[in-house]
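Participant: With chain A's structure known, arrange chain B on it following the hints.
Chain by chain, the residues:
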Amino acid sequence: MSKTQLKSPTQTTSTNTVVGTRVNTKIGRKLVTGTGRFLDDIVLPGMLHARFVRSPHAHARILNIDTTKAMQIPGVELVWTAEDIDPYVLPFSHPENAKHLGFVDEEVLASDRVRYVGDEVAVVLAKDRNTAIEAADAVEVEYEKIPAVIDAESALLDEATIIHPRLSADPDNPINGNLIYAGKTVGGDTKTALSNADVIVEATFTNNKTNPSPLEPHGCIADWNNGDQKLTLWASTQVPHRLPELISTAVVGLNPTNIICKISDVGGGFGAKVGRYSHHVATCVLSMHTGKPVKMFLDRIEEMQAGRGRYDETMNGRLALSKEGKMLALDIDMLQNTGAYANYGAVIAKSSALTCGGPYLIPNQEIRYKLVYTNIMPGTAVRGFGNPQFMYAIEQLIDLAAEELGMDAFDLRLLNVPKLSDLPLRTATRLKLRDMDVYGCLTQLRERIDWDSNRGGRRTKDGKLRGVGMGTVMQRNGNKSAKGADYSGAIVRMDRFGSVTIFSGTSSIGTGTTTGIVQMVSDTLGVSVDRVNIVVGDTDITPEDMGVWGDRSSVFAGTAATMAAKKLREKIIHLAAHLLDIPESNVGMSDDKIFDINKPKNTMSIEDFANLATYGDQTNRPLEFQSGVSLVGEARFETQEGEFMDEDGTGSVSHVYTFSSAAVIVDVDLSTGEIDIVDIAIAEDAGTIINPKLASGQVQGAVIQALGEVLLEGYQYESDGSLMTGTLLDYHLPTVVDMPIVPEDSIIHVETPDPTTSFGQKGLGECATVTIFPAVANAVADATGIRFPTLPLSPSRVLPALIKAGLREL
Amino acid sequence: MSNTNQEPQSELVVNVTVNGSETREIIPARTLLSEYVRDHLYLTGTHRGCETAKCGACTVLLDGKAVKSCNVLAVQANGKNVTTVEGLDDNGTLSPVQQSFWDNHGMQCGYCTPGFVITSTALLNENPNPTVDEIRFGLAGNICRCTGYTKIIESVQDAAQRINKGA
Chain A
1 MSKTQLKSPT QTTSTNTVVG TRVNTKIGRK LVTGTGRFLD DIVLPGMLHA RFVRSPHAHA
61 RILNIDTTKA MQIPGVELVW TAEDIDPYVL PFSHPENAKH LGFVDEEVLA SDRVRYVGDE
121 VAVVLAKDRN TAIEAADAVE VEYEKIPAVI DAESALLDEA TIIHPRLSAD PDNPINGNLI
181 YAGKTVGGDT KTALSNADVI VEATFTNNKT NPSPLEPHGC IADWNNGDQK LTLWASTQVP
241 HRLPELISTA VVGLNPTNII CKISDVGGGF GAKVGRYSHH VATCVLSMHT GKPVKMFLDR
301 IEEMQAGRGR YDETMNGRLA LSKEGKMLAL DIDMLQNTGA YANYGAVIAK SSALTCGGPY
361 LIPNQEIRYK LVYTNIMPGT AVRGFGNPQF MYAIEQLIDL AAEELGMDAF DLRLLNVPKL
421 SDLPLRTATR LKLRDMDVYG CLTQLRERID WDSNRGGRRT KDGKLRGVGM GTVMQRNGNK
481 SAKGADYSGA IVRMDRFGSV TIFSGTSSIG TGTTTGIVQM VSDTLGVSVD RVNIVVGDTD
541 ITPEDMGVWG DRSSVFAGTA ATMAAKKLRE KIIHLAAHLL DIPESNVGMS DDKIFDINKP
601 KNTMSIEDFA NLATYGDQTN RPLEFQSGVS LVGEARFETQ EGEFMDEDGT GSVSHVYTFS
661 SAAVIVDVDL STGEIDIVDI AIAEDAGTII NPKLASGQVQ GAVIQALGEV LLEGYQYESD
721 GSLMTGTLLD YHLPTVVDMP IVPEDSIIHV ETPDPTTSFG QKGLGECATV TIFPAVANAV
781 ADATGIRFPT LPLSPSRVLP ALIKAGLREL
Chain B
811 MSNTNQEPQS ELVVNVTVNG SETREIIPAR TLLSEYVRDH LYLTGTHRGC ETAKCGACTV
871 LLDGKAVKSC NVLAVQANGK NVTTVEGLDD NGTLSPVQQS FWDNHGMQCG YCTPGFVITS
931 TALLNENPNP TVDEIRFGLA GNICRCTGYT KIIESVQDAA QRINKGA
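Chain order of the listed sequences is A and B.
Here the first sequence stands for residues 1 to 810, numbered as in the working numbering.
Here the second sequence stands for residues 811 to 977, numbered as in the working numbering.
Rather than coming from a laboratory, the hints here were simulated on the basis of the structure.
Hints may contain errors.
What the hints assert, rightly or not - According to the in silico footprint, chain B covers these stretches of chain A (three or more CB under 8 Å from chain B):
(1) 32-46
(2) 213-220
(3) 687-698
As the list claims (entries may be wrong) - DSS-like, lysine-lysine: derived pairs with alpha carbons at most 27 Å apart:
(4) A:K601 to A:K567
(5) A:K191 to A:K432
(6) A:K30 to B:K875
(7) B:K975 to A:K693
(8) A:K461 to A:K323
(9) A:K230 to A:K292
(10) A:K99 to A:K184
(11) A:K30 to B:K975
(12) A:K804 to A:K461
As the list claims (entries may be wrong) - Some but not every residue of chain B turned toward chain A, in silico, with C-beta under 8 Å:
(13) R834
(14) T854
(15) K864
(16) C865
(17) V895
(18) L904
(19) Q918
(20) G920
(21) C922
(22) F947
(23) C956
(24) T957
(25) T960
Where a beta carbon is used, it is the ideal one built from N, C-alpha and C, also for glycine.
Chain A on its own, in the form it takes in the complex (with noise of 0.2 Å):
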């Protein structure tokens, strides 16, 4: 591939004097005052409460359905079961499984048999939420329970009872028993490679189900307006234009040119609210049925039961490497407990297999994935979408061939990955890498963490097993391939006031973006960022965009809404060096001011120029625009890196990835098992950082979220499928007591400027989720000398681990 440097159609070339600063959230005086609006804080005027009916039982069939006893109660509207909802209704799944694999699996309210604890079974429909609740404990069901399977290796066997035995028996899907779809990656020739290679390691890893748990629990309200035959959706989600037509395949009749979305302030996402569950379309027929605003607002239990979350994989892999420490080879057999439903199973796998290798130059890949049914709460995306399972196995997979090699672990790394120079570049699975410093961030946390004085374990003066270990990722920014497309619009308008309103597609779920997004703007257009508001999400006004998931929105729609008002600066400017009589090459703009650059005091301010502009005397503005000006720029970024992914799995689906490494000392305290994290370092490139203290709190949080999903968090099920952490306690969601403090100088930002986007910026949200999770398993493999397989690396896993290896000590 030759190297020349790809031409940005959008880079500024003005100074930055916003971009890059610690510009407080737009958003926060409202968040910090409690007048944020989110979605259950919309009260509309009729509005009725529905609640769903969920199975106790894992798995089951429905027998009977008695609904006298909750119509009884005052205030019931209604109580429907799925013969009820049916005629209004289609089943749905993630588009890619019915696009491409041809089946859908999900239904609003199970019409025969229910598949975990939580499976929707009615809904009730009541003039206030606590008569909803109280009238759904009155549905009375009656259930023939079936044996029910949990994990997939079970789930596999000849045996095993079959979820899905209509779509299972159905020549025309690939539904095979309980086995949903297998598919595979391949880039090169792993088998030739395996046999050549000088050294094979293999190990099994398998992490925990896990659930992200936004504070706040998913919810919407539907609101159908029969006289113009629109429904508006109030909802807490990350991907509003998205919503609509997601909804539309599920609901008869509901075009969705005939949906307006709007969001609320989102409390939290984290990939759980980007897809389309039951209770979208529920409360959409129901406002239709009834003509009325119809609200549900899921509580914990609800959340725990069936919020969805990170799906468990186990991962069988080998690292074939020359005796040099040439990585040669890396295949993988994933099995992946994708629960009662597929939703995202597919592409999850497709993409983290895509993506796996990382930033190691290995030159054969191939990752086979098998995604199976079982009973238990279905996945969904969850920040680093599979990332974090296959880096999880494939770093420890690395550490143990350095083991093997006798090399340090760090040099093992540093050998097997790009320079700088030494891009553009594809990889085996055909990404395309640009502009990354994989070396410099690498070099950079080796000293920041002192690997070289802690690695290889030793002793605390107070008695504790002390270990650094690392792991690394490859990110994806936004995904062509999983969803068909990958743009953002925007719109950037100014007023005669000079305010400028900046109109996104995106959501805005707590990361920051809109934040940055005025801040690209700003520095654009030269006014303060006060002067620039940021509308997002509703779908009437907001051109179309993909939504807030996968790194993209940055990237994205900060690219759209800095090309969008780049296009308002061309206007300003030609309508400017009229008014100011020079030639538009001399005109500046910044510090809410327009002015000649070689006369500065020849100037207007913002305000002035936009009365002029739109009030003032039409003969002084030049001929074209004296029938009036129209003070908006509008444009479209729609990403030409990204491909779709061939048949062999591979393609670079991303519009840019970006490079993530961490490093965590740990103690482990061998009287308890508990595990300490005494340092974390993160190097990354996230290209330009639109706003510093924005950026390290995306970071800071994406470690403490890792943390807690690899030393606390997980679900557990009883072998009949009963969910035993069905609270936060239980589940053990990490509060503050339980984490570290990890501070903005842990991160190292190493800057390369991408140069297709605005600013040269790139994702950064999801990257230290993945990346800790190794670095915490290598750490404390490195401490102890024990590999831990299986997540998380909680007491009651490390103690007896450390018991058995003879290192316990009271």
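Facilitator: Chain B only, in chain A's frame:
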């Protein structure tokens, strides 16, 4: 008509001073304090995160003490003073705790923020110079999934400094 006997009542009258204003409502006896401020007074800054006293998003001050309002019946607040997040600013001027959370980015999505701001306010009222461990202990009943807590601890430290300088 005042009810002098002790028979259970399904509806009750409560008088609660909320953010300095006297409120009087007839409410179902089961009404939680979180429901009272949200659904009866429309003070929606008090958020419902778990409704089982585990996440702290609904924390309010009850006679100056931080309580999880999903774990208190509205009638238990009868005759008492309640401060919600909406009552912390001074005619639009943010309280030192609010300003510190904003300036230090002690929030991301903002759903837990009112609970943290209220709990931190109570903490600093009781202990104007908390150590990091005392801050941690004081905030142990509030969950934030976004920030990873470091910037929240820094917000409270900064708020303590602002309050002490102002005093």
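Participant: With reference to the structure, classify each hint as holding or not holding.
Facilitator: Hint by hint, here is what the structure shows:
no. : hint             : result
1   : 32-46            : holds (count 10)
2   : 213-220          : holds (count 5)
3   : 687-698          : holds (count 4)
4   : A:K601 to A:K567 : 26 Å, holds
5   : A:K191 to A:K432 : 24 Å, holds
6   : A:K30 to B:K875  : 24 Å, holds
7   : B:K975 to A:K693 : 24 Å, holds
8   : A:K461 to A:K323 : 38 Å, violated
9   : A:K230 to A:K292 : 12 Å, holds
10  : A:K99 to A:K184  : 18 Å, holds
11  : A:K30 to B:K975  : 25 Å, holds
12  : A:K804 to A:K461 : 24 Å, holds
13  : R834             : 21 Å, violated
14  : T854             : 4 Å, holds
15  : K864             : 4 Å, holds
16  : C865             : 6 Å, holds
17  : V895             : 3 Å, holds
18  : L904             : 7 Å, holds
19  : Q918             : 4 Å, holds
20  : G920             : 3 Å, holds
21  : C922             : 5 Å, holds
22  : F947             : 7 Å, holds
23  : C956             : 5 Å, holds
24  : T957             : 5 Å, holds
25  : T960             : 5 Å, holds
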